[in-house]
Structures are given as C-alpha cells and as structure tokens.
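Chains B and H, in that order, are what the protein sequence lines are.
Everything in the first sequence is counted per the working numbering, starting at 1 for the first residue and increasing by one.
Everything in the second sequence is counted per the working numbering, starting at 1 for the first residue and increasing by one.
It should be emphasised that the hints constitute simulated quantities derived from the structure, not laboratory data.
Heads up, the beta-carbon is just placed ideally off N, CA and C, and yes, glycines get one too.
Please note that the accuracy of each hint is not assured.
Within a straight-line C-alpha distance of at most 25 Å, the following computed SDA-like cross-link-like pairs (lysine to any residue) qualify [unchecked claim]:
no. : chain 1 : residue 1 : chain 2 : residue 2
1   : H       : Lys19     : B       : Val290
2   : H       : Lys19     : B       : Tyr286
3   : B       : Lys27     : B       : Ala41
Short derived list, chain H residues pointing at chain B, Cβ under 8 Å [claimed, not checked]:
no. : residue
4   : Val15
5   : Ile26
6   : Ser27
7   : Ala49
8   : Leu52
9   : Val53
10  : Leu54
11  : Ile56
12  : Leu59
Calculated Cβ distances over 10 Å to all of chain B for the following chain H residues [as the list claims (entries may be wrong)]:
no. : residue
13  : Thr11
14  : Lys28
15  : Leu111
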Amino acid sequence: MIYILELREKLRVVYQKFGTYLNLIFKFVFGLVVFLLLKNAFSNEITFLSTPVVLALALVTAFIPSGLFALVCAGVTIFSVYKMSSILALFILFIFLIMYFLMLRYTPKYGYVLVATPVLIYLGMPVFMPILLGILATPVTIVPVIGGSIIYYSLRAVGDVTKGQDAVNPDEALQIFKGVVDRFKSDKEMILVTVILAVILMMVYVLRRSKFNHSTEIATVTGVVVSMIIFVLSCVGMDLEMSIVGIIVFSLLSGAVAYVAYFMRTVLDYSAVEIVQFEDDDYYYYVKAVPKIKISAQLSEVKNISEDEDKDAGKESVDEEKEAEYASEDTDVTYEDEYDDFDVTIDTSDIDELTATTNIKDINYQNHDE
Amino acid sequence: MINNSKVKLMTKLAVYEKKHKEDIEISKYSKSDYVRLNLIKNVLSVTVAYILVLVIVGLYQIEYLIANAVTLDYKSLGVRILGFYAISVIVFVLAGLLISSQRYSKAIKRLNKYLKRLKILKKYYDEQEEKKGTL
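Can you build the whole structure from these sequences, using the hints too?
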C-alpha cells in the first residue's frame, strides 16, 4: 500500500510541475476522440470533418473552457446534420436548446460530462460516468448525465431513421422528421438507460457519503454489481441493443477506473497549483501558490525479523530502539510473540486525508517605483 | 520590505477571487432578490423550452392540424397546452428556488471566510498607516 501511496505522491509532484501542459494534452485527446467519433458517424460526403479539421478542432478545444467545448461539439453536430437535412438539424437544435433551458444552464461547468456521457453510451460503457461522478462529484452532475443521455438517443433516432443517407429528399423531409420523432418518443431504451444512470449515480453518491467504513469501496462495488444486474436484466427482458458480455466487462472496467481515479484524486486535484497576480501600494506580486505535500516519500519501513535471526541474536527481546523508531513514525506496530515473526501493521487511514494549505513558493515582484 | 504574512493573506484572497468569482457577484444581491431574479430566469427558460417543444409537436402534427384546421376544438387544445405549461413552470420553478437558495447560502458561507481575511488585511494597512504617522 505504501508503494502505491508513494507512487501517487510522485505522480502528484509531476502533475504539479506539468499540470498545465498535461491538462491541455488530456483535453486535446478527449476532443480528438469526440470529433473522430462525430466524423465516423456521418458519411464522408456530408461531413466537413476531414482529418486536418478534426485535429484543428481538437487543438482549439484544448484551450477553451468545458462549457464552450460542449457548445462547439453541439455546433459541429448540428452543422453535420444540416448538410443531410435542414428539418432534422432543426430537430437536433431544438433538443439541444430544450436540454439547455431546462437543465444544462444550471451546470455550465460540467460540459465535459455532457459530452462524455453520449460518447461512453456509444462505446458501450454507459455506467462509467455515474460511478465516477457518484464517487468524485456532487449529485448535481445528474443533470448533465441525463442531458447527455437524451442527446445521444436523439442523435441515434436520426441515425436509425435516415440509415446513413447522405441527404434527405426535401419531399420526404417531413415524413423523415415524423419518423425521427416517432423513434425518439417511443424509445424505451432511452428512458430506461437515462433512469438507470441517474439511479446508479445517486446510489453510489449516497453510499459513498455514508458513515460506515470503506464506504467508497462499497459504493463502487455496489454500483458495478447493481448496474450489471439491471443492464443484463434489461437486455434480456427489453431487448436492449447492448452486448451482455460487453456490459459485464465494461461495468467491471468502469468500477476499476473510477476507483483508481478516486485514489488519484489528490493528484488530479483541480485546485493544485494557483498562479495569481495582485498588487499593493508598493509592489506588483506574481505568485505561484503550491499546496503543501504532507506525505514523505518513505513514510515507514516494514521490517520482518525472523525467529532464526532472533535466535542468532541471542534471543533478544524486541529492540527498544526499533520500537521507539516505529512509534515516532506514528505507525501501529503489533507483534504476536517475542520470538515469532513480527506482524507490522501500518495505519494509513490518516495518510489519505491530506489538507492543502497554501505555500508561497515563488514570489517575483518588482518595485512599483521602478 | 516584503511582509510575508501579508503576501500569504493576499494570495489566499486572490486565489478565492479567481476561483469563486460568482460568489462576489451573488453577494451583491440580498437572498430574496437573488432568489426572485432566478425565479424570473427560470420562468423565462421554461417558457422558451416549452415553446420549442410546441414547435416540434406542431411540425409533427402539421398535416393533421392543416386537415382539421376548421373542426379543431381550440378551447380544449388551449386549456391542455396551458395546463401542461403551468405544471412545467411549477415543477421547474420549485426546483429552481431550491437550487438558487442553496447556491446563495453556500456562496455566502464561503464569502464570510473571505471577508474575515479582508478584515485582517485591513488591519495590516491600518498598522502600516499608524507606523507612517508616528514616523
């Protein structure tokens, strides 16, 4: 365990050094995945998303906030659908606007959740977001998850009805539109998946916030097991267009990744390093505030002293100095018998809770008078 | 001469201002004004969303509407449209009231800590002024 904690601290140091660049890389990669999926969703005849355009869009979206990123994704989608049929583009635009006015305007900071939810449903791992957000975030994230799910199924309705046509005949446009609305409003899978995602998110959140020991682990496992059971039962009972093996594998994967993300949450702490500028009467200050790291690289040393070694040492009792050393490092040391192997238990419960206090690392200033 | 304690304090204040800009905006309103403002925004949002839904339904049913334009029972249609609208407004306004009220309370709680630090900073300045006065 201590090695994992050390690894986490090392990762945190790396993240603090290169956090800005790593964030840009993560955002670029995510944007690339989203735009490549959008490119593949439409035929080459109608989409303007050539490879250079995809790269350029991903690059631009790496530098913009999440709300704007969601807006760019919505714009690209609507424009692609517009090339196929203007009335269908209007339908998608209205769905986006309805979602915005009823839900998404309350959660402008969760643009990535809104975009990631349909992407993950498309990739067959819908439960990843609810489990991750249930562990790491607040219940308000239920809003972009529901919005993302509805947007995915509205786009799927368009895809199902147009069946990959490059362009809809204007004479048939109204019929196609009616077909899309029919498909959308009778889509039981949409209602089912949206409700399941919302319920799993709330369930994981409530369990994680409970007062019992290992609540996060229990919440993760329960989230994975419940989502597997519900999705498999739904697949069997309601003929969902999902693979049962895929659901089981991806649910387990989602739980594992979400738990790793939880464990690494201090590494990816959004508020890690702050660079601020201010001034007083005499100076301008350019300050980089770095949260203090409370864990030393080698917190405690686990030593196994065998019976033979003890005998060789003249069957000496426990070395008082060693005991004092362990005690000074705030670890719980227990041993069964004077002549048996030591069972060393390291209590790491306190290590997990780190407090981030601001440490002024760099203060660059210039005299106001100069 | 740089006063380290003052710089630490100013840094904490600057970090707060950077991360919670909206708190300072919210604090310009009283709770009742903030909740009322959000209530108006919610009603407008629900109205726009409802109109968009009506447009989709209207387009979907356009053939039926044109064919039966003369024989349609506009009174009952209007009552149904307004009834659904009223239900939507009530649901979303109640949810909005809850959210805006909680958001205001949380912002003010965070802001109190910020204001305490501002007071300490003011003390620094007062002491500085006093020192200048005695010199």
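These are the hints, each one checked on the structure:
About 15 Å separates the Cα atoms of lysine 19 of chain H and valine 290 of chain B, which keeps this hinted pair within 25 Å; it holds. With a CA separation close to 17 Å, the supplied pair lysine 19 of chain H and tyrosine 286 of chain B stays within the 25 Å bound. Proposed proximity of lysine 27 of chain B and alanine 41 of chain B is supported: the alpha carbons are some 21 Å apart, at most 25 Å. Interface restraint check for valine 15 of chain H: the shortest CB-CB distance to chain B comes to about 5 Å, inside 8 Å, so the restraint holds.
The beta carbon of isoleucine 26 of chain H is not positioned within 8 Å of any beta carbon in chain B (closest approach about 14 Å), and the interface hint is therefore violated. About 19 Å separates the beta-carbon of serine 27 of chain H from the nearest beta-carbon of chain B, more than 8 Å, and the hint is not met. Taking 8 Å as the C-beta cut-off, the interface hint given for alanine 49 of chain H holds, the closest approach to chain B being about 4 Å. Using the Cβ-Cβ criterion of 8 Å, the hint placing leucine 52 of chain H at the interface with chain B is satisfied: the shortest such distance is roughly 5 Å.
Satisfaction of the interface hint for valine 53 of chain H is found here, the shortest Cβ-Cβ separation to chain B being roughly 6 Å, below the 8 Å cut-off. Against a cut-off of 8 Å between C-beta atoms, the interface hint on leucine 54 of chain H is violated, since the closest Cβ of chain B lies about 10 Å away. About 6 Å separates the beta-carbon of isoleucine 56 of chain H from the nearest beta-carbon of chain B, less than 8 Å, and the hint is met. Taking 8 Å as the C-beta cut-off, the interface hint given for leucine 59 of chain H holds, the closest approach to chain B being about 6 Å.
A Cβ of chain B approaches the Cβ of threonine 11 of chain H within 10 Å, the least distance being about 5 Å, so the stated non-interface status is violated. With a least CB separation of 19 Å from chain B, lysine 28 of chain H remains clear of the 10 Å interface cut-off, as annotated. Under the 10 Å C-beta cut-off, the non-interface status given to leucine 111 of chain H relative to chain B holds; the minimum distance is some 17 Å.
The earlier numbered hints that this structure contradicts are 5, 6, 10, 13.
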